[in-house]
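Q: Put together the whole structure using the sequences plus the hints.
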Amino acid sequence: MIDGMINYPKIQAGKMRIKRETLLSVALITPSVLAIAIFVYGFIGWTARVSLSKWKGLLPDYTWVGLENFLGLFKDPRFHIDIRNTLIFTVIFVIGSLIIGLGLAILLDQNIKGEGFFRSLYLFPMAISFIVTGVVWRWLMNPATGSRMSGLNLLFDALGLDFLISRWHTTPYWGIAFIALPAIWQMSGYTMALYLGGLRGIPVELREAAQVDGANEVQIYQFIILPLLRPITLSAMIILGHISLKVFDLIIAVAGKQLPLDVPAIYMWQVTFDGYFFGRGAAIGILLLLSVAVLIVPYLIYTLRSEAEL
Amino acid sequence: MIARKGIKNWYIYIPLVMAAFFYLIPMYVMLVTGFKGFEEVSLKTMWNFPKEIRFDNFIAAYKALAPYLWNSFNMVFPAAIISSILGSLNGYVLAKWKFKGSDIIFPAILFGMFIPYQSILIPLVEFMRDINLYGGLPGLVLAHVIYGIPITTLTFRNYYATIPKELIEASRIDGCGLLSSYWHILLPISAPAFVVVIIWQFTSAWNDFLFAVVLTSPSNWPVTVALNNMAGSQIIAWNVQMAGSFLAALPTLLVYIFLGRYFLRGLMAGALKG
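In order, the protein sequences belong to chains A and B.
Just so you know, this note's numbering puts 241 at position 241 of the first sequence, and the rest follows in order with no gaps.
This note's numbering runs 1000 ahead of the 1-based position in the second sequence.
Because the hints were derived from the structure by calculation, they are not lab data.
Here a beta-carbon is modelled for each residue, glycine too, at the ideal position from N, C-alpha and C.
Careful, some of the hints might be misleading.
Some chain A residues near chain B, calculated using beta-carbon distances under 8 Å [claimed, not checked]:
id, residue
1, SER150
2, PHE156
3, LEU159
4, LEU288
A: Structure representation (structure tokens):
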């Protein structure tokens, strides 16, 4: 809050200098601020305008049609599939990542040998692109049966775990749930890192005090540690949730563009750049933005405010 | 004083090792497939070790992907470096030279980090066409630079916030102005933040698919787009796809293996926990 410039205002020359330097500091960030103003906020406004226009075809057409594109979407069966798929994917992906992440973080927090090794191993999928993950999992989740069986199904068959053999993402209705598996593979290590950071932030004295009071290890977790980790869970849910609303390349790489596995991001891409229905594509973009903003704006306000209080 | 008691039982390693297998399965499949000779490749034996180490698949994958790998390299370095420099300047001003309105500008910049890019894609394409950068790598670099500004600004601002303001004040008494304080005091100690940010930007630009597929024409595709295209085609065998996936993952994997702890810091900044 208080910074360097406070010490100088007594002197007139100092005042001049501060004024000049304030201008300079503003000038220094102006290029970035302008870029963000145009490429983020200006473009969002532009997309909003397109979403209210008739534009369908190669040439721009900004004829005002009100909310027609949005109403068209809500009546569109494909968009209903998209919303359902996004919900199923989000629930499984977020809950799966949280459970695995928390579990691994608690295990790693037990003063075990080789902690650094395990931690790096769980985290490395974060360094890989969703496309690479998707291409590999596409072969791991190969749904072919019988003599053409391969991937994980073949492994399960060889290990006598036949009950695990699955049609994966080609399962009717629930196919999208299996796309969450590679997503969990990729992001659960990150969730673990968040939780591990939280666990390391809990003062040892708290655990000691509970031990003195006769609490066992399970009770310490149940009554002290888990409640203290709630803010981490909230941040992780928001970060994972906003990733799942944007999920796009992973599905493309695992399964290509197919209707049963469609999500808003894929619909937007296809309807805009393959179908040239820019009005509808823009409407999907705006709806995605609104759903992300509902998560992110309160989170940003909360985080920056609690930071300011420190 | 009671020392914190760790569970010393061996069975704690069972879930840890099982989880390790889970995370390693895709790497295992990529590598054992990649090192098999063409005649040995079959979906039936995809889990078996190669009988002899051969490089057929990697050579075929490299031949197919080489131009796109170079496109990626040519794109990620300028993207990472330019957005890091901008982030450093912004972070300096926002941490040490707060002015009226800077408390609004900072969250407004940060929001750009979270937006779904579908909400700016149509104007982005139109704009790139208007300024004649559509289809080529410079346009893609520009997109990565600009949409990288929020995370680089956040990381540098958090880093500079930990540097005592007395350092800046002392330099001002010595006659340093805004720019010379940055140049002589902050920049020389910025290396850790630069490493974090450049690694982060390198990884996210390398791994990006959406901007690349929308903004570049086929000859300028980065490797993610080319790999996805290769995987979608029926002509290229799955074993070559696996080897290609490994090649496409290798640069960021190497960065992770050698500079992993910095990478982790970049991740944490993404969670606003710098």
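Q: Each hint: holds or not?
A: Results for each hint:
1. Because the closest C-beta pair between SER150 (chain A) and chain B is about 4 Å apart, less than 8 Å, the hint holds.
2. Below 8 Å, beta-carbon pairs count as interface contacts, and PHE156 (chain A) has none with chain B, the closest being about 11 Å; its hint is therefore violated.
3. For LEU159 (chain A), the interface hint is violated, since its Cβ never comes within 8 Å of a Cβ in chain B; the closest pair sits about 10 Å apart.
4. Hint status for LEU288 (chain A) relative to chain B: holds, with the closest Cβ pair at about 4 Å, below 8 Å.
When each numbered hint is compared with the structure, violations occur for hints 2 and 3.
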